[in-house]
Structure formats: structure tokens, C-alpha cells
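**Student:** Chains as they are written, first to last, in this note's numbering: chain P, 3 to 432; chain R, 19 to 167.
Hint data in this document are derived by calculation from the structure and do not stem from the laboratory.
Note that the structure is a prediction, hence the values are computed from the model and not measured.
Among the hints, a few may not be true.
[Stated by the list, open to error] Here are the computed lysine to any residue pairs in the SDA-like style, where the Cα-Cα straight-line distance is at most 25 Å:
1) P:LYS57 / R:HIS144
2) P:LYS137 / P:PRO377
3) P:LYS57 / R:LEU77
4) P:LYS57 / R:THR23
5) P:LYS57 / R:ALA132
6) P:LYS394 / R:ARG80
7) P:LYS394 / R:LEU77
8) P:LYS57 / R:TRP35
9) P:LYS57 / R:ALA113
10) P:LYS57 / R:ALA27
11) P:LYS128 / P:ASP395
12) P:LYS57 / R:THR119
13) P:LYS57 / R:PRO124
14) P:LYS57 / R:PHE114
15) P:LYS57 / R:ASN128
16) P:LYS57 / R:VAL20
17) P:LYS57 / R:HIS158
18) P:LYS57 / R:TRP136
19) P:LYS128 / P:PHE383
20) P:LYS57 / R:ARG36
21) P:LYS57 / R:PHE34
22) P:LYS57 / R:ASP41
23) P:LYS57 / R:MET19
24) P:LYS57 / R:THR126
25) P:LYS57 / R:ILE115
[To be verified] Here are some of the chain P residues that sit facing chain R, going by a computed Cβ distance under 8 Å:
26) VAL34
27) GLY44
28) PHE58
29) SER170
Even glycine gets a Cβ: it sits at the ideal position worked out from N, Cα and C.
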Amino acid sequence: MSIAFALLLLVFITAFLIRIPLAYGMMAAGIVYLVASGTDLGLFAQVTMNGLYSKFVLLAVPLFIFMAQIMNDSTVTEKIFHFAHAIVGRMPGGLAQVNVVNSVIFSGMSGSAVADASGTGLVEIKAMANGGYPKGFACATTAATSTIGPIIPPSIPMVIYAYLSATSVGMLFAAGMLPGLLLAGLQMVLIFFLAKRRGYPREMWPGLGQTAGRLLVAVPALLTPVILLGGIYSGAFTPTEAAAVASMYALVLAFIVYRALGWSGFYSMFQTTVRQSATVGLIVGGAFIINYAVAIEGIPRAFADAILSLSHDPLILLILINLLFLVMGMFLDTMVLLLIMVPVVLPIMRLVGIDPVHFGVVIVLNMMIGLSTPPFGVLLFIVSNTTRTALKDVIREIWPFLGIMLAALVILILFPDIVLWVPRLMGYEG
Amino acid sequence: MVFFTIMFASILIGVFWRYVLNDPLIWTVNAAAVAFIWTVLIAAGLPNWADEHIQFDLLYRRMSPRWQRVSRMVGNLLLVVTFALPIPATWDYLAFIAPDTVTGLPLTFNWAFAVVLWFLVATVVHRGRLLVRDVRDIAHERADRAGRA
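Modelling step: build the complete structure from the supplied sequences, incorporating the hints.
**Tutor:** Written out as C-alpha cells, the structure is:
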């Protein structure tokens, strides 16, 4: 490792510890690297600007943020919640089960766990708290169920992984379907047993007529993922175009079909979208300059040599890298982890024959665990802050859900066919 | 928000022209990409946007107010210096790419990428003002202590 790269690490870690926003910390570290290595500083603009300009697939990210924001701000999510309530409310721990199903449906319209936790998640927590559930449990359930969002398509982390790995976004989206449903199923089983043990209530079934009525109201919203994924898999749209068309459809739903969004709401929704898009975009820009330094220094090669000295067994390497991501995910923002670490570890995975689509889905689930793990679990902070619930109450209740997510991760690592079955049906040759 | 709208509209126009009018356009993809860059960097340079960022504050929250200020000052100084350094070279880079035109648009790359200069300068100014504010607070506190003594 050169002195310049050691300085990069020093600045990045210092910036992180003294609360400099991560994107700025990455850029500052990258600039220090360029100075220390005697490289032309014009490279900063060249690398970041060309990186952001040339990756058309990345434009899907702000559009997925936009779509989720429309759904959240236009009460579409409440209609989905009422529909989910009619389907699974009668089960033990009814409202917590509704929480899971609601997140599964919402995940077809949103690619972000944060959008789920901060949007429809608030509806879920409020309903559960009013229904007699401890607030800590309601928050933990919501944090855990919102992790389904980026696993079931569409998915912002998968779009970024696709760009990093040159993998098909469509195949990654297809690969996330079964794992997302598996995770939801495991969460429902856990809630079933917790509800039995703790005596959580069931909800009254509203009757067939009401259920059918709620379904009819929800149908236009339920068509959103059909338009999005249908557009991608039919070959009609690129993922970015599909995201734009689905966002347009969401606008039509919000303004015309449900008449749930006025111009003032539209303005604030737009502002939120731009701010969140800029946050992600800037992190991606910062990662370009770090990745430039990582590539120049030959870090992926050095990392590969180090880790291959431990083992050549694909399964052991996959487990080791997942352990590394789990530990780093406890402290680092998962988007930064994805952007910086995937280019380092992916060559090893390819070398030992791990399928990049399989690896992508495993890593996205791993990242979702990182989002819910203390001390730096962004989802825990969101549900705790927005509902004024003590963080320790949320953390106390999150452990069983983390156990379930780890179990899902182990299953996906051991059985790649669960991930690759749907993509293979669509012609994937992995 | 203007640039986000341009980005969104450009992509939709591209889809509409390709499928409805059966006449694929070249400029829409590039216009969307440029608008994306401007959306990100214009917003990122705005001073009231600072709280939106993802940051690790577990250590910061455990510090005393005095050490929090030291930590803020070190951070802001680091950003002022590191973001000021590439400004001249960025200017040169933009001049270097000035002859190149964005395909399908009456726009040269130096203007398409010029927003990076805004971002660097805005960050230096914003972080510089925060740094000056902390320095002034220290000066006031010292003056108060000297006055009381």
C-alpha cells in the first residue's frame, strides 16, 4: 500500500469519526490521494463527472425514489395497508402480519428500505400502537419488514450493484423475487410464534364484501409493479425508462385516480425526492474517486491474494466475505459499503465461480441486515426518531428479526438455486 | 427541481418518440444524464442541505461541547482545504473539454460539467462560514472571560 493510499484511508476514517458527511469524506479522501500521489487534480472532476454522466442505469435511482415518494405522499400506501389488513389481519399478531404483507406489496413500487420505513412504515407503526402492541415491537417489526423493499424488485441497491458488476438489472430484479418472499414468509412465521407467546391480538375480518371492495380500490396501485417489471421483461423499456414510466403512472394515480395529492403536496414531495436523490448521487460520485484510487493501487488483487491464502473453497469464501460485510455494515453506511467493497470482492467471487447475480442478491440482503443492526442501523434510527420511541426499546425487539434475516442469508448462501430459479426461467444462463 | 423535471421529462419524451412516433431520439438520453448531474450537484451545494447527509455521529454525540466544536472545526477546515485545492485544475479541465459537444445537444461538455465548479466553490464557502462562526464563538468566549477577570 502506498503512502498516498494510507493517507486516503486516514482521511476517510477521520472524516467518518468526526461526523463529516460520508460523501464529502470520500471526496476529501480522494482529493488527498490525488495530491499525495502527484496526480493532476483535474482528475477529480473528470472521474466524478464522467462517472455520473456515462451510467444511464443510475438515473433509475432518483426515479425509484420519486415513485416511492409519490406513493407515500398520496395515501396510496394506506389503500394497500387496508387491503393487506383484509387478507392477513385475522392471523395471530394480525397487525404485525399486515405490516409484512404491506411491505411486500409496497416493495413492488419502491426500491428503498428507507422509503418504506419512513413512509408506509409510519402508518404501520401507528396502527400497531393503537392496536395494543408495544411501540418498540411495532418499530422493530417495521424496520425489519422494510428490508424486504430492496430485495423484491424494483431495488435501488440492485441497480447500483448492476452498474458495479455489469450484470443485467432485469436478471437481478428477477433473482430478488423468491428471496424476498422467503424473507417475508420467515418473518410471518416468527410473528406467528411471538404473537402466540405474548398474546398479541388478531384483527376482525371485515367480510368478503369489504375485502373485495378494498381489493378494487387497491388494484390501480397494484398494477404499478406490473407496468414496471412488465416493461423491463418484455424488452420494451430499459430499467431507467421503466422507472420513469412507472413514476408517471404513479403521478396519474395520485392526481387523477385517487385525487390524493394537491399542488402544495406535490411541491414538497418533489423537494424531498431531489434531496434524497442528491444524497445518493453524491455518495456515488464520491465512490467513483475512491474506486479510482482502489483500482490504481491494485487493491482488489492484493485483497484477492490475501483472502485466497485462507481458502479456495467458494462456499467458505462466500461466507468469509459475508461476515466481512456484516461486520462493516454495523458501522458503515451500506450504500458506501456496496459502492466501495463490491469492486474489491467481486473479482474473487467470479474467480472461484460464484454467480454474480447470486452474489448480488446475497450482498443486498446482507446490506439490509446492516441497515437494521446497531450501532449504525439507519432503519432503527428512522423508526425510533419518527415515532419518538426509545432506541433501546427498538433494539431490544429487533434481535429475533435479525436472527430470521441471518437465517435467510444462510439459506441463500447455501442454496443458490432459490436465487437463480426465476432468472433461469427467463433465460439466464448462470 | 428544474433539472429533475428535465431529467424525468427527457426520459419520457424518449420513450414516447420511440414507441408512439416510431422515431428514436438521440438527445434525450444525454439531456437526462446532464440534468441528473445538475440535480445532484446543485442540491449538494446548497447550504441548507447539510443535514440531509448520511453521517456517523455516535462518537460526536458522546463528546463534550468543547470537543464537539474542535471536531467541527477540524472537519470544516479539512473540507475547505481539500475542496479548494482542485478548483484551479477543474477550471483547466473544463477549458480542456470545451471543444467537445454533447451528442444531439447544442451544448459543450464544459457547460454540461460546469456545475462541478459550483459544487466545489459552494462547499468551500459554506464550510468556511461554519468554520469562521466557530472561531468567532471562541473569540467571544475568550473576550467574555477576560472581561469577567
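**Student:** Next, verify each hint and record whether it holds.
**Tutor:** Status of each hint after checking the structure:
1. P:LYS57 / R:HIS144: Violated - the C-alpha atoms of HIS144 of chain R and LYS57 of chain P are around 29 Å apart, more than 25 Å.
2. P:LYS137 / P:PRO377: holds, 20 Å
3. P:LYS57 / R:LEU77: With a Cα-Cα distance of about 36 Å, the restraint between LYS57 of chain P and LEU77 of chain R is violated, given a limit of 25 Å.
4. P:LYS57 / R:THR23: holds, 19 Å
5. P:LYS57 / R:ALA132: holds, 18 Å
6. P:LYS394 / R:ARG80: Answer holds: LYS394 of chain P to ARG80 of chain R is near 16 Å, not above 25 Å.
7. P:LYS394 / R:LEU77: With a Cα-Cα distance of about 17 Å, the restraint between LYS394 of chain P and LEU77 of chain R holds, given a limit of 25 Å.
8. P:LYS57 / R:TRP35: holds, 22 Å
9. P:LYS57 / R:ALA113: holds, 23 Å
10. P:LYS57 / R:ALA27: holds, 18 Å
11. P:LYS128 / P:ASP395: Holds - the C-alpha atoms of ASP395 of chain P and LYS128 of chain P are around 16 Å apart, at most 25 Å.
12. P:LYS57 / R:THR119: Within the cut-off at roughly 18 Å; holds.
13. P:LYS57 / R:PRO124: Distance ~21 Å between LYS57 of chain P and PRO124 of chain R Cα, so the pair holds.
14. P:LYS57 / R:PHE114: OK: LYS57 of chain P and PHE114 of chain R at ~22 Å, within 25 Å.
15. P:LYS57 / R:ASN128: Satisfied, since the Cα-Cα distance of roughly 19 Å is no more than 25 Å.
16. P:LYS57 / R:VAL20: holds, 21 Å
17. P:LYS57 / R:HIS158: Given that 25 Å is the threshold and the Cα spacing comes to 50 Å, the pair is violated.
18. P:LYS57 / R:TRP136: It holds: about 22 Å lies between the C-alpha atoms, which stays within 25 Å.
19. P:LYS128 / P:PHE383: The given pair, whose Cα atoms are some 17 Å apart, holds under the 25 Å limit.
20. P:LYS57 / R:ARG36: Roughly 21 Å separates the two Cα atoms, so the pair holds.
21. P:LYS57 / R:PHE34: At roughly 22 Å apart (the allowed maximum being 25 Å), PHE34 of chain R and LYS57 of chain P satisfy the hint.
22. P:LYS57 / R:ASP41: Roughly 23 Å separates the two Cα atoms, so the pair holds.
23. P:LYS57 / R:MET19: holds, 21 Å
24. P:LYS57 / R:THR126: At roughly 19 Å apart (the allowed maximum being 25 Å), THR126 of chain R and LYS57 of chain P satisfy the hint.
25. P:LYS57 / R:ILE115: holds, 19 Å
26. VAL34: holds, 6 Å
27. GLY44: Interface hint status for GLY44 of chain P: holds (4 Å vs cutoff 8 Å).
28. PHE58: Since the shortest Cβ distance to chain R is 6 Å, the answer is holds.
29. SER170: Not OK, violated: SER170 of chain P not within 8 Å of chain R, min 19 Å.
Comparing the model with each numbered hint stated earlier shows that hints 1, 3, 17, 29 do not hold.
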